[in-house]
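Undergrad: Chains A and B supply the protein sequences, listed in that same order.
Sequential numbering from 1 applies to the first sequence in this note's numbering.
Sequential numbering from 327 applies to the second sequence in this note's numbering.
Heads up, a few of these hints could be off.
[As the list claims (entries may be wrong)] Result set (DSSO-like, lysine-lysine): computed pairs, CA atoms no more than 27 Å apart in a straight line: (1) Lys466/B <-> Lys168/A; (2) Lys498/B <-> Lys255/A; (3) Lys466/B <-> Lys380/B; (4) Lys466/B <-> Lys498/B; (5) Lys255/A <-> Lys508/B; (6) Lys466/B <-> Lys255/A; (7) Lys408/B <-> Lys255/A; (8) Lys423/B <-> Lys403/B; (9) Lys498/B <-> Lys508/B.
Calculated from the structure, these hints are not laboratory results.
Single-letter residue listing:
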Amino acid sequence: MSLHTSHLPKAGTLISALGVSALTFSLAAMAQDDGVERDYQVQLPEPPDGEVTFTPPEESALGDKQYDEMVRLGRDLFVNTQALRGENVFNEQNCSNCHLDAGRLAHSAPMWAAYGVYPAYRGKNDKVNTLSDRIQGCFTYSMNGKPPEKGSEPLVAIQTYMHWMATKAPNNTSLPGRSYPSLEEAAQEPDRERGAEVYANECAVCHGDNGAGQFVGDRTVFPPLWGDGAYNWGAGMHRINTAANFIKANMPLSKPYSLSDQEAWDVAAFVNSHERPQDPRLRNVESVDKAQELFHQHNGVYGQEVDGKRLGDHADYGENPGPNDS
Amino acid sequence: MNKKMLSGLGLLMSAGVYAGTAAALEGDPEQGKQVSATCVACHQADGMGKNNPKAESWPRLAGLPEAYIARQLHDFKSGERKNASMTAFASMLDEQKIADVSAYYAGLEDWPELPTAYHAADPDDAAEWLADRGDWENDKFIPACSQCHGPNGQGVGASFPPLAGQHEAYLKAQLENWRNGKRHNDPNELMAGVANRLDEDQIDMIAEYYATLPERLEARGTQQEEDGQ
Chain A
1 MSLHTSHLPK AGTLISALGV SALTFSLAAM AQDDGVERDY QVQLPEPPDG
51 EVTFTPPEES ALGDKQYDEM VRLGRDLFVN TQALRGENVF NEQNCSNCHL
101 DAGRLAHSAP MWAAYGVYPA YRGKNDKVNT LSDRIQGCFT YSMNGKPPEK
151 GSEPLVAIQT YMHWMATKAP NNTSLPGRSY PSLEEAAQEP DRERGAEVYA
201 NECAVCHGDN GAGQFVGDRT VFPPLWGDGA YNWGAGMHRI NTAANFIKAN
251 MPLSKPYSLS DQEAWDVAAF VNSHERPQDP RLRNVESVDK AQELFHQHNG
301 VYGQEVDGKR LGDHADYGEN PGPNDS
Chain B
327 MNKKMLSGLG LLMSAGVYAG TAAALEGDPE QGKQVSATCV ACHQADGMGK
377 NNPKAESWPR LAGLPEAYIA RQLHDFKSGE RKNASMTAFA SMLDEQKIAD
427 VSAYYAGLED WPELPTAYHA ADPDDAAEWL ADRGDWENDK FIPACSQCHG
477 PNGQGVGASF PPLAGQHEAY LKAQLENWRN GKRHNDPNEL MAGVANRLDE
527 DQIDMIAEYY ATLPERLEAR GTQQEEDGQ
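Work the whole structure out from these sequences, hints included.
TA: This is the structure in structure tokens:
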């Protein structure tokens, strides 16, 4: 099954919905192997349908061995990733914002299901990508950060937490409940104006009218959805299909599957048509045009014009100081 | 700094959305104090309310968010929130008096500020687990209370009131009211949905947990100081 391409037609319809001239996708075929990170999130084959039968172990079963302590540290970093703020994390997010119930919840990209599908081969960079690579990608993009080094305590802890959650899960098997469930293609083209209405009615009470989230002290209660505190232009969640899938099955919090498919598509288009920290891969290419051509041939609106402004046409990397001036 | 500004903006906005027209009127706490003469019989002179396990409990008002109080008064007045005595009292208040008395109680005393630092929930403490981790399995999909009401349930903005330090019998009664449909003035039925999936034991447990949390946190803090942590 080739999911790399199956979502592309949606991108086309979305672009026209936003009033931007349709791009051809011949550009997608131009992927070159010059060592530049392309699209870190290979979209793996969809998980099988069917009942979720896997249950991760209970935390109460953890003991006090070093492994158990490492699981706990990984759990702590997963739900309070802000502990790594300024080192590995440069926005307001925590892993558990997009992986609900501390990474345990089915259809919320649970860690027990992700664990066993890596390493995974990725045609786009012709490389076998490990779980460490994948977690590092989350830090680079979703956390707008700097990935912890392989073998470093944060990365070992998160991997150990995942390993523990996947106890007794079949290895190298895509399990029901993995990832977010894929919506059918939208009946009407996703429309950010309709989405704005959904947002105002269903989302703003928590995430705020301006998408900036809400905080108590230093703690993120409701994560920002756009702006400097949000995931950057390279994160999987900036794709409209990924966000729509997540929203349908998980949002509003405590009301899964309460939005219609169309509402989920529309509100995802609305949220993801806002500015957010720059795609860090732009640091290594000469222009937004080039970044758009190389990295954004998918269901997102990076590089496209919305309300008279081109999205991503800036040098704002949020709080991330970049590799050279830290 | 930027974060604080943004977060403040978020609070203002949700207050604006959910307090409706009340946000347009500025409350005068001095005037509100006079209005409160009708409230003190139940909510007490200090606005701290009273826990009445065998009868109707009177919630603490002192330190609740202004827009939250105003919203409740509007809802009592319109019948959106039902309570025989509160409907009678709220009906006597015009827009300005609602704004004034809300400002008065919001400023009467600060709601206790509780620690915000991350604290791992103890899997052997069922109440703490529900408060900080929720109850998701078997399609219950109950988020942690703190995911909306903030760390240690101290409230978030105008729409998610503080729980920690509110009276136990009042918290329990509200959860039951949401569950049986008597109360339904929550934004987007968020609380009704969650309350419907809580069982009786969880309601008893969580009401007691939040009512007593401030004193337990204080004891924990004192203990840590004694231990030199």
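Undergrad: In ascending order, which of the hints set out earlier in this document are inconsistent with the structure?
TA: 3
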